[in-house]
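Novice: Okay, here's what each chain looks like letter by letter:
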Amino acid sequence: MNIINSFDSFANEAQKFPHAADWTSKQRSKDLLVQKGLPTRKEESWRNTSLKFLSETDFKPVSHMPTQLPDGVLSLISSKMIDGCHTLVFLNGFYMSGLSRFDVTTTFVSENTNRVLVFQGDLGSEAIHSLNELYNLNPIDLTIKADLTQPLQILNVTHTMNAGAVVTSPRVNVTLKSNKEAKIVLTHAGENQARYFSNGKFTFAVEKDARLEIVNDTNQSANSYHLDFVGIAAETASTVRYFELNLNAQLTRHEFVLELNGENIQSEVLGASYLKHNQHCDSQTYINHHKGSCRSEQVYKALLDDESRSVFSGTVFIAEGIAKTDSAQLNQNLLLSEKVEVNSKPILRIFSDDVKAAHGSTMGKIQEDEIFYLQSRSISREKAIELLGQGFLNEIVLRMNSEVLKKHFSKELLNELSISRKSQLKVVK
Amino acid sequence: MLEIKDLKAEVDGKEILKGLNLKVNAGEVHAIMGPNGSGKSSLSKVIAGHPSYSVTGGQMLYDINFEPKDISEMDPDERAKEGIFLAFQYPVEVPGVSNFNFLMTSFNSILEHQGSEPLTEDEFRNYLNKKMNIISLRPDFLERGVNSGFSGGEKKKNEILQMAVLAPRLSILDETDSGLDIDALKVVSEGVNKIKSKNNAIVLITHYQRLLDYIKPDFIHVLYQGRIVKTGGPELALELEKNGYDGFLQ
Chain A
1 MNIINSFDSF ANEAQKFPHA ADWTSKQRSK DLLVQKGLPT RKEESWRNTS
51 LKFLSETDFK PVSHMPTQLP DGVLSLISSK MIDGCHTLVF LNGFYMSGLS
101 RFDVTTTFVS ENTNRVLVFQ GDLGSEAIHS LNELYNLNPI DLTIKADLTQ
151 PLQILNVTHT MNAGAVVTSP RVNVTLKSNK EAKIVLTHAG ENQARYFSNG
201 KFTFAVEKDA RLEIVNDTNQ SANSYHLDFV GIAAETASTV RYFELNLNAQ
251 LTRHEFVLEL NGENIQSEVL GASYLKHNQH CDSQTYINHH KGSCRSEQVY
301 KALLDDESRS VFSGTVFIAE GIAKTDSAQL NQNLLLSEKV EVNSKPILRI
351 FSDDVKAAHG STMGKIQEDE IFYLQSRSIS REKAIELLGQ GFLNEIVLRM
401 NSEVLKKHFS KELLNELSIS RKSQLKVVK
Chain B
1 MLEIKDLKAE VDGKEILKGL NLKVNAGEVH AIMGPNGSGK SSLSKVIAGH
51 PSYSVTGGQM LYDINFEPKD ISEMDPDERA KEGIFLAFQY PVEVPGVSNF
101 NFLMTSFNSI LEHQGSEPLT EDEFRNYLNK KMNIISLRPD FLERGVNSGF
151 SGGEKKKNEI LQMAVLAPRL SILDETDSGL DIDALKVVSE GVNKIKSKNN
201 AIVLITHYQR LLDYIKPDFI HVLYQGRIVK TGGPELALEL EKNGYDGFLQ
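As given, the protein sequences belong to chains A and B, one line each in that order. This note's numbering applies: residue 1 is where the first sequence begins, and numbers increase by one. This note's numbering applies: residue 1 is where the second sequence begins, and numbers increase by one.
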């Protein structure tokens with residue numbers, strides 16, 4: 001059974017439970033998917049990423065939460081909570097208020113209001129949105145009405161519940177009220193070694209003068225498949241900083257849309273990926289300047305090992321008749337093996353004259369002089385490569401404003417690199 | 001401690017060292033001077049084990065466990081673990097890795113090599129704080145990326161801090177004075193003088209006499225066309241300063 005056809009039995013099962021889902025909208029999404037199908041590599045934006053895993057494994061949608069959680073779920077969740085953060089826990093797409101820890105006075109959580117954000121530009125792949133709509137039963141709206149002193153972690157955990165491969169479709173809409181400040185971490189994690197498909201959708205409305213920093217951390221099971229959509233609609237004089245970290249998943253694809261809907265918005269869109277084995281990671285970004293005097297800076301870095309593949313496609317749209325746009329894009333790839341593959345594509349669609357728009361892409365190996373410097377300080381060649389690789393990606397992490405997050409992700413990065421490189425050495429020996 | 005005998009080395013097929021002899025004992029300070037392109041920096045890299053250089057003849061005997069051993073085939077990190085330290089003329093920038101982490105990784109590699117337990121972060125911080133005074137650096141210096149965005153002077157100070165932390169037996173300072181203003185030169189030299197002891201040896205590679213006003217050498221060697229052509233005491237530097245290399249070598 002393919003992922004679209006699973007819908008009918010899922011709907012029968014789910015309707016036995018009191019989900020306040022919009023079944024008409026779901027049926028519409030299903031009809032659309034049946035009619036148009038899932039994206040194929042014939043489509044330009046899917047040229048380098050294949051969804052054939054969806055036909056190879058029968059990913060079952062989760063129709064409800066069991067009354068009793070199997071062993072291991074709670075310890076998995078607590079191991080993924082970041083110290084020093086408020087944490088909202090989502091398990092297989094369901095919001096688990098009892099397992100969450102946060103301060104209700106600063107945040108307002110409500111369910112099922114289905115807020116619609118205004119997106120004028122490219123929204124990424126319609127079929128993937130439909131797929132999220134199909135199997136999401138618990139959309140959550142968050143409104144942040146006060147400055148958050150601690151970061152807010154939205155923890156998306158996938159667990160197979162001993163029932164084979166699953167698909168989970170979390171959906172969260174966040175509104176950051178005018179002049180408020182927040183740091184939000186999207187953590188995507190799951191049961192170790194489990195095979196699952198996570199397809200989340202996360203939207204953010206950043207009101208006038210608000211300051212939002214988001215970290216989108218994909219550190220899933222090595223056998224999992226991860227797609228997500230992150231959409232941000234920013235208003236006048238707001239500040240948006242987005243960090244995408246890719247540390248683990250068999251296949252990852254992000255579709256990221258930033259709508260600059262007002263003037264004087266400062267935005268940074270940053271990515272750091274460490275890819276190994278035959279992992280595949282595809283980042284599609286769309287930054288849409290609809291109003292003038294906005295700045296967007298993009299830096300995406302990938303460290304590639306073994307036979308991994310990285311895809312970066314960055315679209316910058318600058319609308320007609322707007323002035324003083326400042327846009328820069330940089331994609332840097334550091335190759336640790338001869339067998340890796342990198343596809344890097346800038347797409348600049350500029351319809352205005354008063355524009356500064358730079359872009360660049362680099363690919364290269366670690367320089368021998370750098371390795372020698374570290375070796376001359378007693379550090380082995382292998383450890384030197386590990387440190388230089390960490391440093392390359394950590395430059396992105398160090399741009400985070402929160403000390404808590406900086407420390408957490410620097411450590412996560414180093415752990416991931418050191419575990420992976422050590423296991424590789426064993427194989428060679 | 002180090003005895004180099006008839007050392008020949010090449011880079012990219014070009015012979016740079018053409019039968020060089022040098023003997024350095026514990027407690028000594030040596031200065032190697034010479035005109036541009038004479039092979040001074042190459043010598044320092046060959047001793048430290050830079051992979052671009054290949055030794056094509058002769059020996060580099062260095063005392064390991066009180067026995068002279070030819071280090072030509074050892075990896076650079078193995079040499080460093082045995083106490084050979086090279087202060088770079090152009091220290092490499094490693095953005096994204098903090099100075100603290102770098103120093104701790106480096107220091108613990110040596111401890112592990114010696115069969116000791118590595119220090120914890122707190123233990124190492126205590127040890128490091130004492131060393132920071134030697135070169136008068138501010139604590140925030142440790143949190144910055146290794147040499148990343150450092151001024152020329154800060155880079156050189158960082159090299160001396162590493163030297164202080166790692167406590168090598170043999171230090172080779174490759175043009176550590178280049179690019180330093182007089183104040184920084186003084187700080188760096190004082191640092192080196194504090195590290196100097198009867199158990200370690202220092203080899204200074206320099207173009208100028210100026211550094212030797214601050215760090216007093218026991219021996220001065222003139223390197224020319226890949227060989228040491230003259231060895232003498234401190235007075236040799238003054239002679240070079242007066243007559244220049246051209247006058248001296250004629």
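Read the hints as simulated data drawn from the structure, not as lab findings. Just so you know, not all the hints are guaranteed correct.
Unchecked claim - Computed cross-link-like contacts, BS3-like style, restricted to lysine-lysine with a CA-CA straight-line distance of at most 30 Å: (1) A/K208 x A/K52; (2) B/K130 x A/K383; (3) A/K52 x A/K42; (4) A/K407 x B/K69; (5) A/K339 x A/K42; (6) B/K196 x B/K186; (7) A/K356 x A/K291; (8) B/K216 x A/K411; (9) A/K383 x B/K186; (10) B/K69 x B/K186; (11) A/K145 x A/K180; (12) A/K406 x B/K186; (13) B/K230 x A/K365; (14) B/K230 x B/K8.
Novice: For B/K196 and B/K186, compute the direct alpha-carbon distance and say whether it is at most 30 Å.
Specialist: At roughly 15 Å apart (the allowed maximum being 30 Å), B/K186 and B/K196 satisfy the hint.
Novice: Given the hinted pair A/K339 and A/K42, is their alpha-carbon gap at most 30 Å?
Specialist: holds, 25 Å
Novice: Taking only the CA atoms, is the gap from B/K69 to B/K186 under or equal to 30 Å?
Specialist: Between B/K69 and B/K186 the Cα gap is close to 36 Å, so the pair fails against 30 Å, i.e. violated.
Novice: Would the pair B/K130 and A/K383 pass a check requiring their Cα atoms to be no farther apart than 30 Å?
Specialist: OK: B/K130 and A/K383 at ~27 Å, within 30 Å.
Novice: For the pair supplied as a hint, A/K383 and B/K186, confirm whether the alpha-carbon distance does not exceed 30 Å.
Specialist: Violated, because 35 Å separates the two Cα atoms, which is more than 30 Å.
Novice: Hey, A/K52 versus A/K42, does the alpha-carbon distance stay inside 30 Å?
Specialist: holds, 13 Å
Novice: Straight-line Cα separation of B/K230 and B/K8 no greater than 30 Å?
Specialist: holds, 18 Å
Novice: Check whether the Cα positions of A/K208 and A/K52 lie no farther apart than 30 Å.
Specialist: Roughly 42 Å separates the two Cα atoms, so the pair is violated.
Novice: Does A/K411 sit within 30 Å of B/K216, going by the straight-line distance between their CA atoms?
Specialist: Cα-Cα ~45 Å, so violated.
Novice: Check the hint pairing A/K407 with B/K69 against an upper bound of 30 Å on the C-alpha distance.
Specialist: Not OK: A/K407 and B/K69 at ~44 Å, beyond 30 Å, violated.
Novice: Holds or violated: A/K356 and A/K291, Cα atoms, limit 30 Å.
Specialist: Cα-Cα ~14 Å, so holds.
Novice: Hey, B/K230 versus A/K365, does the alpha-carbon distance stay inside 30 Å?
Specialist: Given that 30 Å is the threshold and the Cα spacing comes to 43 Å, the pair is violated.
Taken one by one, the earlier hints fail for this structure at numbers 1, 4, 8, 9, 10, 12 and 13, listed in ascending order.
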